[in-house]
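**Q** Chain by chain, the residues run as shown.
4 protein chains.
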Amino acid sequence: MTHNIAILGASGYTGAELVRIIAGHPSFRIVALSADRKAGMTMAEVYPHLRHLALPTLVSLDEVDFAGVDLVFAALPHGLSQAIVKDLPASVKVVDLGADFRLRDPAEYEKWYGAAHVATDLQKEAVYGLTEFYRDDIKGARLVAGTGCNAATVQFALRPLIAANVIDLDDILCDLKNGPTGAGRSLKENMLFAERSTDVQGYAQGGVHRHLGEFDQEFAAIAGRPVTIQFTPHLVPVNRGILASCYVKGDPKTVHQTLAHAYAEEPFIVVLPFGQQPGVGHVTGSNFAHIGVTGDRISGRVLVTAAVDNLCKGSSGQAVQNANLMLGEDETAGLMMAPVFP
Amino acid sequence: MTHNIAILGASGYTGAELVRIIAGHPSFRIVALSADRKAGMTMAEVYPHLRHLALPTLVSLDEVDFAGVDLVFAALPHGLSQAIVKDLPASVKVVDLGADFRLRDPAEYEKWYGAAHVATDLQKEAVYGLTEFYRDDIKGARLVAGTGCNAATVQFALRPLIAANVIDLDDILCDLKNGPTGAGRSLKENMLFAERSTDVQGYAQGGVHRHLGEFDQEFAAIAGRPVTIQFTPHLVPVNRGILASCYVKGDPKTVHQTLAHAYAEEPFIVVLPFGQQPGVGHVTGSNFAHIGVTGDRISGRVLVTAAVDNLCKGSSGQAVQNANLMLGEDETAGLMMAPVFP
Amino acid sequence: MTHNIAILGASGYTGAELVRIIAGHPSFRIVALSADRKAGMTMAEVYPHLRHLALPTLVSLDEVDFAGVDLVFAALPHGLSQAIVKDLPASVKVVDLGADFRLRDPAEYEKWYGAAHVATDLQKEAVYGLTEFYRDDIKGARLVAGTGCNAATVQFALRPLIAANVIDLDDILCDLKNGPTGAGRSLKENMLFAERSTDVQGYAQGGVHRHLGEFDQEFAAIAGRPVTIQFTPHLVPVNRGILASCYVKGDPKTVHQTLAHAYAEEPFIVVLPFGQQPGVGHVTGSNFAHIGVTGDRISGRVLVTAAVDNLCKGSSGQAVQNANLMLGEDETAGLMMAPVFP
Amino acid sequence: MTHNIAILGASGYTGAELVRIIAGHPSFRIVALSADRKAGMTMAEVYPHLRHLALPTLVSLDEVDFAGVDLVFAALPHGLSQAIVKDLPASVKVVDLGADFRLRDPAEYEKWYGAAHVATDLQKEAVYGLTEFYRDDIKGARLVAGTGCNAATVQFALRPLIAANVIDLDDILCDLKNGPTGAGRSLKENMLFAERSTDVQGYAQGGVHRHLGEFDQEFAAIAGRPVTIQFTPHLVPVNRGILASCYVKGDPKTVHQTLAHAYAEEPFIVVLPFGQQPGVGHVTGSNFAHIGVTGDRISGRVLVTAAVDNLCKGSSGQAVQNANLMLGEDETAGLMMAPVFP
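Protein chains in written order, with the numbering used here: chain E, 282 to 623; chain F, 282 to 623; chain C, 282 to 623; chain R, 282 to 623.
Extracted from the complex, chain E is given alone in its bound form:
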């Protein structure tokens, strides 16, 4: 059965990645693509790598005809998404790739995003889109909130450990190495090739990164108490990829076994043999996440490292995985492409 798909905000990188994935999907058909500033252009003009595909021309948001659309992927700036989604026909399912529906608490939303939410009913209804942990809810959801890419990566490393109570909840430290595509196609001097290609530098450090709101919400829900992690992202010169080095306290072998057991049946989460560490180059272009666990010479210290492609498993791949569930398709449909290496 074919499902009609609309992508709002198709001119950003996550929009392009959605198109790339859906091009290989057996039952999704793209019927509308919106991009306000690039309305009127073809996708081939905006993204020449998609030139071989037969795709609708980009239109502005208010030109999209939602009749017959089964599911919308919204890849819009935060703030805008909530305004758009609340006016969509009730028959249309929605996967939001932005930040608007990730936090359930309006106060938390306002704290991290600096403005009151305009669709608090939807905010409550939305299911958090970390597929491996919200699978059943997602199946029946009308609105799924895609997670932050950092948020997904770190949660893959930590959720089973928090749930199993095998690490010290008061001393969790996550140091991330991030490809610049996580910043999207926005025009900033420090995102120019000239400035990123020979640099490594931290950003949004000290506890101000908005994905912390997701960690706080999710980890508290699992632990039944507040869990406040330290989280530090760094930009590294690789297009795609997040490597999250998560430093925890516990027994290394127990940590490894807990993760291996938790993900044993997961199609996309691979736990490496004990002592091996993943590389972002080994998941590029794919929906896979690789997780490694290493002990330390200091007893009771454990390093859990998770690698994902931020545009795919961290965003658009996750979105398609959720859409598959929402539309009754096989969860892995269109998503089993192997990573591209070298």
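Just to be clear, a hint being listed does not mean it is correct.
Each pair may be met inside one copy or between any two copies, as identical chains are not told apart.
[Unchecked claim] Taking lysine-lysine pairs in the DSSO-like style, the calculated list, with each CA pair at most 27 Å apart, reads:
(1) Lys405 to Lys367
(2) Lys534 to Lys392
(3) Lys469 to Lys319
(4) Lys405 to Lys530
(5) Lys534 to Lys420
(6) Lys367 to Lys530
(7) Lys367 to Lys319
(8) Lys420 to Lys405
(9) Lys392 to Lys405
(10) Lys534 to Lys469
(11) Lys374 to Lys319
(12) Lys405 to Lys374
(13) Lys392 to Lys469
(14) Lys469 to Lys405
(15) Lys420 to Lys367
(16) Lys319 to Lys405
Since the hints were derived computationally from the structure, they do not count as laboratory data.
On the provided structure of chain E, position chains F, C and R as indicated by the hints.
**A** What follows is chains F, C and R alone, placed relative to chain E:
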């Protein structure tokens, strides 16, 4: 119908790329992987990005059991391939990704590769594997010789122009920009990250690159007379990709129309609108080739630029495309994955 | 003797490069830095790599006090520079790094830059800043026009050959591989790290690049007749560097000898042994240019390749070299730093 | 006064970097360069970026004439260096860039390097070469042991904090992002451009990296008790640079003030304003180290980040700085070149 596939030389980059592609192929099943120096290792150890796949353990060449194998991909060093292929069971079809069967004339082989060919019968029998131009022969072939990656790229730009006699055959100049994966996984100082990542430099210049043998053979066959091109490759710091800037003399619009017409029905060759130029980033990880045509302020000069992913369309993608034909499958089976950008 | 230096347009890449070079100069002292949009900021805020230097705070153009200034480096957008320079005190010497004074003919200027020149007297007075060929004029000049970075690179390869009449003037083809810093710090989607880091693509092709105006002017002056070259730049993912592959017709050994002889006494131009090719990585961060000459299997074809760092020898290094001459200093003062490799 | 310098192991990256730096040094003259496997070659053949320099031809170690040599830089593999240095004439001063003399305790050396030391007398005599902290000892030393590049970077961040007792000594965690040049010019598959350019991956994790021996020795000496840090390096695709993210517990402002005060008079160590973070791109090619301090939303947590160029300040720049002291020159001679950015 499932076809049993063996890959000889699976530990090199083209071997890994074959596995990546076949992982998404509807009817190919890998039953044997050989790699002499890495025999006994799993593919996950040699290429962690393929870790999620169920694959046979690597064995040495003489351990491969060819019973039940329908087709062999040979990704072996030149010289070795001819020795191996000539002893394979006659029932096994072969796509050779190396250089051993590209040149039909034993004298030419010896001239470019410095040693006499040891399987001259097979050399004559082999079909040159540039799919778009040898499709019918490939369908019935037992042995297909994969082309050089540079050779494929340049031929996509030039063959229709030579065939249509719309360019000056005595003044063809091709300047190539090549990603280092074309050199394979060989250990050389100038292939280290430290030495390539901030450098651009020519190599094998002045008419000594072995792919010239292919150009001479093929272009003479099309033109009915010798065609001697000038050909200069340069290493650029991008993993995958060849951009061939081919400078020819003729009428720009005629050149564009000739190419557009020649490739109008081809699933993988895209001719851009006149005046647009392709980028290697727009074909990365895919089996597509993009071709652009631009005129010049100097009347009668034309620039034809072709972009391919050297590991995919330039080698392993082409190999699968040929195998599809040889085994009676749809030519595009397993090969329609969209490029990965950014 | 200390010379007081002002840099107008100090917030761009060539401005920063001027500061870097002058930091090691024995007799230049920076007394003013202007940058309209960043006026009020310190250089450390705009360019943290210059943080260790004691530098004046950035001011707007009209706040610069030119009293006591010996020489101005103007690194301004074209059009603006001519308006500014014409109003400078006559006592101030000027090295213009932009395009405004490169072309002597007002009609040519208007043809390539799309607007009439507003300081045609200065345009006539300005000396073309290719130091190795205009050394004597530069010594006595008040206004020197820095060359285009591509223009410098290609002229190093070709000027002695045209002057010596050892190549065919009607068949010169230059294929360039360019680092994106040549585009400056301007904010464009295709200059983002995400879009350049895995791509190689031509730009400004077909004879529309503005540096062609310089080639036409200079080569005609040398040859005593029009010389129209074909010129095609390509963006490659390396911060600094231009590799110009210049295809000419002549005798390879004669070409090599002509270049070797022409540059035998030059401190910054190195002609490699015959058959060796330069890499941009071997001149990075320096004022050196490396030139290689190779023959071809086709008799009478020669490849001359020149490598420069576009920000240094191609722009700011050249500017300092010229300023040294204008101020009576040793031409190499502050410029002998070795390239940074790897 | 001119000092005669010999470089042993000149064909590696630190050897080349020594030559680059010394090329701009006012009083060092290179009189011998050794490189066993490349003996007989010119430096221009081994490192074309040094082609403009007049340098001695490479010779084998036993061909070096030490008569008249004032100081030797030994950039040799560990194990070899101790054997060579112990047989040098007593009149020759030595800066060893390898690991052989970093650890004073023979048992510690054997533990980390797997073999007994063959020159334990010299081991005891050697001064640890972290200039900013051993300045007086270095001035009078005959043998100085260059530090590990990671060891230098992390010590810049931590030594003043341990000395001032302002951080918790039992909970120090250092996550490093390292350019691959730290591995030298050794030929390994995972150091190929193809494998590093799109990857980020940890290595030598879990407390096995040999630089831990240096931390243990140095921090215990400062603290007067054992200090065991957690230390995790990761490879990132940037040629030069180490970014050390050091997570400590203490008061952020106190930490910042302690560092700012400690380095107030240092010519090469720059402490950024509170809350700013350094980038490795801002020290590339230079002898500077940038240090940043940020607090966290979790009270009592501090992130101290240090950026150095591993080949320069982390190795060869430090070596020249030490040699300056040993030879009675100004400590900064030849070392004030500004970083190269972009």
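**Q** For every hint, state whether the structure bears it out.
**A** Taking the hints in turn, this is what the structure says about them:
Taking the shortest alpha-carbon separations for Lys405 and Lys367, only the intra-copy value of 12 Å comes in at or below 27 Å, while the best inter-copy value is 65 Å. When the C-alpha separation of Lys534 and Lys392 is checked against a cutoff of 27 Å, the pair qualifies only between copies, where the shortest distance is 25 Å, while the shortest distance within a copy is 38 Å. Within a single copy, Lys469 and Lys319 get their C-alpha atoms as close as 19 Å, and across copies as close as 15 Å, so both meet the 27 Å cut-off. With identical chains, the CA atoms of Lys405 and Lys530 are never at most 27 Å apart, being 34 Å at best within one copy and 38 Å at best between copies.
In this homomeric assembly, Lys534 and Lys420 never come within 27 Å of each other (Cα to Cα): the closest approach is 34 Å inside a single copy and 49 Å across copies. In this homomeric assembly, Lys367 and Lys530 never come within 27 Å of each other (Cα to Cα): the closest approach is 43 Å inside a single copy and 45 Å across copies. When the C-alpha separation of Lys367 and Lys319 is checked against a cutoff of 27 Å, the pair qualifies only within one copy, where the shortest distance is 24 Å, while the shortest distance between copies is 41 Å. With identical chains, the CA atoms of Lys420 and Lys405 are at most 27 Å apart within one copy only, with a shortest distance of 17 Å there and 59 Å across copies.
In this assembly of identical chains, the alpha carbons of Lys392 and Lys405 lie at most 27 Å apart only when taken from the same copy (17 Å versus 58 Å across copies). Taking identical chains as interchangeable, the C-alpha atoms of Lys534 and Lys469 are never at most 27 Å apart, the minima being 44 Å within one chain and 30 Å between chains. Proximity of Lys374 to Lys319 under the C-alpha cut-off of 27 Å is restricted to the intra-copy arrangement: shortest distance 25 Å within a copy versus 47 Å between copies. Proximity of Lys405 to Lys374 under the C-alpha cut-off of 27 Å is restricted to the intra-copy arrangement: shortest distance 16 Å within a copy versus 60 Å between copies.
Only within a single protomer do Lys392 and Lys469 lie at most 27 Å apart by alpha-carbon distance; the minimum there is 25 Å, versus 32 Å between protomers. For the identical chains of this complex, Lys469 and Lys405 are neighbours neither inside a copy (34 Å) nor across copies (39 Å), given an alpha-carbon limit of 27 Å. For the identical chains of this complex, Lys420 and Lys367 are intra-copy neighbours only, at 20 Å inside a copy versus 56 Å across copies, given an alpha-carbon limit of 27 Å. Taking the shortest Cα distances, Lys319 and Lys405 never come within 27 Å of each other, neither inside one copy (33 Å) nor across copies (44 Å).
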